Amino acid sequence: MILLRLRYRKVPNVELEGEEEVAKEMINDLLNNDYKIYFLPSGNSAIFLIVSLFNNFTVPDVGGWKKFVDFCKILNKDFEFLKTEHGLVREVKGKYLYLTTLSGYLAKQDMKRIKKECEEKNIFLIEDLSGAIGGDCGYGDIIVGSTGEPKILNCGYGGFIGISEELSIKVDDMVKSFKTKNYFGLLIEELMNAKKCYRAYVKANYKMKKNIESSFFKDREGISLFIKHDKPKELAKKINSVIKLTKRKSLTTICPNYNRIDIKGVVFETKKIDYRELNNKVVKKITNIIRSLL
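So our numbering is basically just the index in the sequence shown, starting at one, shifted up by 1170.
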């Protein structure tokens, strides 16, 4: 079988420093609501800050971000799991609900409906939009995003939270304890390309899902692809032996995995590939290789 080598989604080589206020405006331009934006050293530090602010969380039973659960345990915060359909939320409950806009990076939640139901039930919605910025997102009472690697905003560093003006009194002093470098020139460059990047991943995954019978979430936006398989370790090894990146990174995640999905199989991490590589010819090659390995 012919080896396919693709460019890894590396951090752009552009001017690092820039104007923080411009970056904040550009983030809000991509969201459904306006937020007061605070920058932090990483997405995980942003999540840590949120967990420290509240208590009695509800988190999805799969398809979320395990660090949120870990921080609840470290900070001795109460939390419960919300039963989902392989990560997709059918009914909301709780006091403070944490969700990723894209469950496991695989399937977009119905955020408009979820937000409406949260308002009706007086539930505070925390939305992690790290994998969805550039698409339809920004419904939460609080939003959190990572700009680490590899993400839509692929800076290799940093994260942010967005809150209402009313909550800023609680956050202002706490944020000062997190030192954040000026990487806003790089972030602005990534924000300029966020829509194009997100759409490229979604389009590529739709095409692959259409032609790979055992793939999931065929009618949902996602930036990576789940393939159901009884021997996921074997399949992952085969995929990584014939589809390689210019950086020595695996293109697969073996499941079940809390951060992805609760079914045996493999996630093909399309989001690690430079989105500019994902033309029709390359997507067809990837699809044919995966199909031949199944």
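Note that these hints are calculated values from the structure, not bench results.
The model shown is predicted, which means the values in this text are computed figures rather than measured ones.
Beta carbons are placed, not taken as given, at the ideal position from N, Cα and C, and that holds for glycine.
Hints may be right or wrong, so weigh each one.
No farther apart than 30 Å at their CA atoms in a straight line, the calculated lysine-lysine pairs in the DSBU-like style are these [to be verified]:
#1 Lys1351 / Lys1373
#2 Lys1407 / Lys1180
#3 Lys1263 / Lys1366
#4 Lys1253 / Lys1194
#5 Lys1365 / Lys1243
#6 Lys1417 / Lys1398
#7 Lys1398 / Lys1408
#8 Lys1351 / Lys1408
#9 Lys1206 / Lys1351
#10 Lys1206 / Lys1388
#11 Lys1237 / Lys1286
#12 Lys1388 / Lys1455
#13 Lys1408 / Lys1451
#14 Lys1455 / Lys1346
#15 Lys1388 / Lys1401
#16 Lys1414 / Lys1455
#17 Lys1340 / Lys1388
#18 Lys1286 / Lys1401
#19 Lys1403 / Lys1419
#20 Lys1414 / Lys1442
#21 Lys1265 / Lys1340
#22 Lys1365 / Lys1403
#23 Lys1417 / Lys1442
#24 Lys1377 / Lys1340
#25 Lys1340 / Lys1351
#26 Lys1408 / Lys1340
#27 Lys1401 / Lys1340
#28 Lys1377 / Lys1455
#29 Lys1407 / Lys1351
#30 Lys1340 / Lys1180
For each label pair, taking beta carbons as the anchor points, the in silico distance ranges come out as [stated by the list, open to error]:
#31 Asp1199 / Lys1403: 36 to 46 Å
#32 Ser1338 / Asn1246: 17 to 27 Å
#33 Leu1245 / Lys1377: 17 to 27 Å
#34 Asp1199 / Arg1175: 12 to 22 Å
#35 Lys1401 / Glu1190: 14 to 24 Å
#36 Asp1400 / Gly1326: 30 to 40 Å
#37 Asp1432 / Leu1245: 38 to 48 Å
#38 Lys1236 / Glu1185: 31 to 41 Å
#39 Lys1451 / Asn1226: 26 to 36 Å
#40 Asp1240 / Asp1342: 23 to 33 Å
Structure-based check of each hint:
| no. | hint | in the structure |
| --- | --- | --- |
| 1 | Lys1351 / Lys1373 | 34 Å, violated |
| 2 | Lys1407 / Lys1180 | 23 Å, holds |
| 3 | Lys1263 / Lys1366 | 34 Å, violated |
| 4 | Lys1253 / Lys1194 | 34 Å, violated |
| 5 | Lys1365 / Lys1243 | 35 Å, violated |
| 6 | Lys1417 / Lys1398 | 26 Å, holds |
| 7 | Lys1398 / Lys1408 | 15 Å, holds |
| 8 | Lys1351 / Lys1408 | 40 Å, violated |
| 9 | Lys1206 / Lys1351 | 19 Å, holds |
| 10 | Lys1206 / Lys1388 | 35 Å, violated |
| 11 | Lys1237 / Lys1286 | 27 Å, holds |
| 12 | Lys1388 / Lys1455 | 19 Å, holds |
| 13 | Lys1408 / Lys1451 | 21 Å, holds |
| 14 | Lys1455 / Lys1346 | 49 Å, violated |
| 15 | Lys1388 / Lys1401 | 22 Å, holds |
| 16 | Lys1414 / Lys1455 | 13 Å, holds |
| 17 | Lys1340 / Lys1388 | 42 Å, violated |
| 18 | Lys1286 / Lys1401 | 40 Å, violated |
| 19 | Lys1403 / Lys1419 | 16 Å, holds |
| 20 | Lys1414 / Lys1442 | 11 Å, holds |
| 21 | Lys1265 / Lys1340 | 18 Å, holds |
| 22 | Lys1365 / Lys1403 | 34 Å, violated |
| 23 | Lys1417 / Lys1442 | 10 Å, holds |
| 24 | Lys1377 / Lys1340 | 45 Å, violated |
| 25 | Lys1340 / Lys1351 | 22 Å, holds |
| 26 | Lys1408 / Lys1340 | 50 Å, violated |
| 27 | Lys1401 / Lys1340 | 48 Å, violated |
| 28 | Lys1377 / Lys1455 | 11 Å, holds |
| 29 | Lys1407 / Lys1351 | 38 Å, violated |
| 30 | Lys1340 / Lys1180 | 36 Å, violated |
| 31 | Asp1199 / Lys1403: 36 to 46 Å | 43 Å, holds |
| 32 | Ser1338 / Asn1246: 17 to 27 Å | 26 Å, holds |
| 33 | Leu1245 / Lys1377: 17 to 27 Å | 42 Å, violated |
| 34 | Asp1199 / Arg1175: 12 to 22 Å | 36 Å, violated |
| 35 | Lys1401 / Glu1190: 14 to 24 Å | 49 Å, violated |
| 36 | Asp1400 / Gly1326: 30 to 40 Å | 36 Å, holds |
| 37 | Asp1432 / Leu1245: 38 to 48 Å | 26 Å, violated |
| 38 | Lys1236 / Glu1185: 31 to 41 Å | 34 Å, holds |
| 39 | Lys1451 / Asn1226: 26 to 36 Å | 51 Å, violated |
| 40 | Asp1240 / Asp1342: 23 to 33 Å | 26 Å, holds |
Violated hints, in rising order: 1, 3, 4, 5, 8, 10, 14, 17, 18, 22, 24, 26, 27, 29, 30, 33, 34, 35, 37 and 39; the structure is consistent with all others.
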